[in-house]
Amino acid sequence: MNDRPSPGDGVAEGIVAAIRAVTDARPVAGIVLGSGLGEAIRVAKEAAGVNDGAEFAFSDLPGMPPPSVPGHMGRLWIGDLGGRPVAIFQGRIHFYEGHGMPSASLTSQVSSGLGAGTMVLTAAVGAIDASLRGGSLSVIRDHINTMGTNPLLGWRMPDGSPAFVGLGDVYDPDLSEAALAAARARAADASAVTEGVYAAVSGPAYETPAETEFLRRAGGTVVGMSMVPEAVAARALGMRVLGLSFVTNAAGALVSHQEVLEASAAAAGTIGLTLADLVERF
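Residue numbers for the sequence shown, in this note's numbering: 1 to 282.
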C-alpha cells in the first residue's frame, strides 16, 4: 500500500506513463545536473561505462515545462551508468521561472515514480562562507529554506491529511560521506572539497549584501535558487538524497549568468568523476 504523500495533480504520473511507453528501465537513482553541468554527464559516462539508453526532451513529456534558463538543456536520459540504471536530468525547472513548487520538484517526483530510491542533486552556488573560493565543491549536509513557501504546500497523504514530513535527515549521511571522500580523491585540490549548509532563496535576483550577511549568521555556507524543492520532495517520497554544490562566485558579488556557466563548466569534470565513483552505492 502506498503511504507516501503527493501533490495530487497527476502530472508526475502522466510523465512516468509517457516514459514507460518507450522504456521499462527502472532507475535506482535520479540525478539532476545544474547550471552548465552538461559536460559532467559525458565525463561520468566515459569513466563508468554506459549503454545507449533512452533520451527525452522535457518538451516531449506531458506537463514537464522546458527550462528557460541558459545552461539547462531540458533533457532526460535513462540508461545504465557503470552497470546501474539511472535517470539523468540535464537541467531542472526553477521556482523563479514561475511554474510553482510542484513543477520545481518534478525531477524527484518522476524519479520516484520510475522506481528510484536515491536522488542526487547538483547545483551552482554562491559562497557565503568567505573561506570558500570559486571552483570549490560543497557536499550539502543541511539546508535553510528562505524561498517564501514550502515545497510540500498542498501535498496530501493518502488519507487526505497534510504532508507532515520530518526533515531532520534530508541529506543521507552515508552517501554524503562517500561523496566527500570520492570528490576529494578526484579534485585537483582536496582542500577545496568541504561540507556545507545550502541557503535557498527564490531568485531570480541575486542576494543583497545584507541578505548574504543574514544567511551567514543563520548558518548558511552557500546560497542558491534550487535543490531544496527537489530535496524536500524526494525525502517526502522516502528517497535518500545527496546534494553536491559547486561554488561559482562570492554571494552578493556582481556576477552574470554567463560567468556562472563558465565556472560551472570548470567543475563538471570533478562532478562527473565523483558520480561515476558513487554509482554503485545508489
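If you are wondering where the hints come from, they were derived from the structure by calculation, not from laboratory data. Mixed in with the good hints, there may be bad ones.
Unchecked claim - With beta-carbon atoms standing in for the labels, derived distance ranges: (1) Ser202 with Ala130: 22 to 32 Å; (2) Ser131 with Val22: 41 to 51 Å; (3) Glu177 with Thr208: 20 to 30 Å; (4) Gly166 with Asp9: 22 to 32 Å; (5) Ala17 with Ser131: 24 to 34 Å; (6) Ser191 with Pro162: 17 to 27 Å; (7) Gly98 with Phe214: 50 to 60 Å; (8) Ser161 with Gly10: 28 to 38 Å; (9) His99 with Arg20: 29 to 39 Å; (10) Pro62 with Ser191: 45 to 55 Å; (11) Ala54 with Asp159: 27 to 37 Å; (12) Ser59 with Asp159: 28 to 38 Å.
Keep in mind the model is a prediction, meaning the values are calculated, not measured. Virtual Cβ for every residue (Gly too), placed ideally from N, Cα, C.
May I ask which of the numbered hints given earlier this structure violates, with the numbers listed in increasing order? Checked against the structure, the hints that fail are numbers 3, 5, 6, 7, 8 and 9, while the rest are satisfied.
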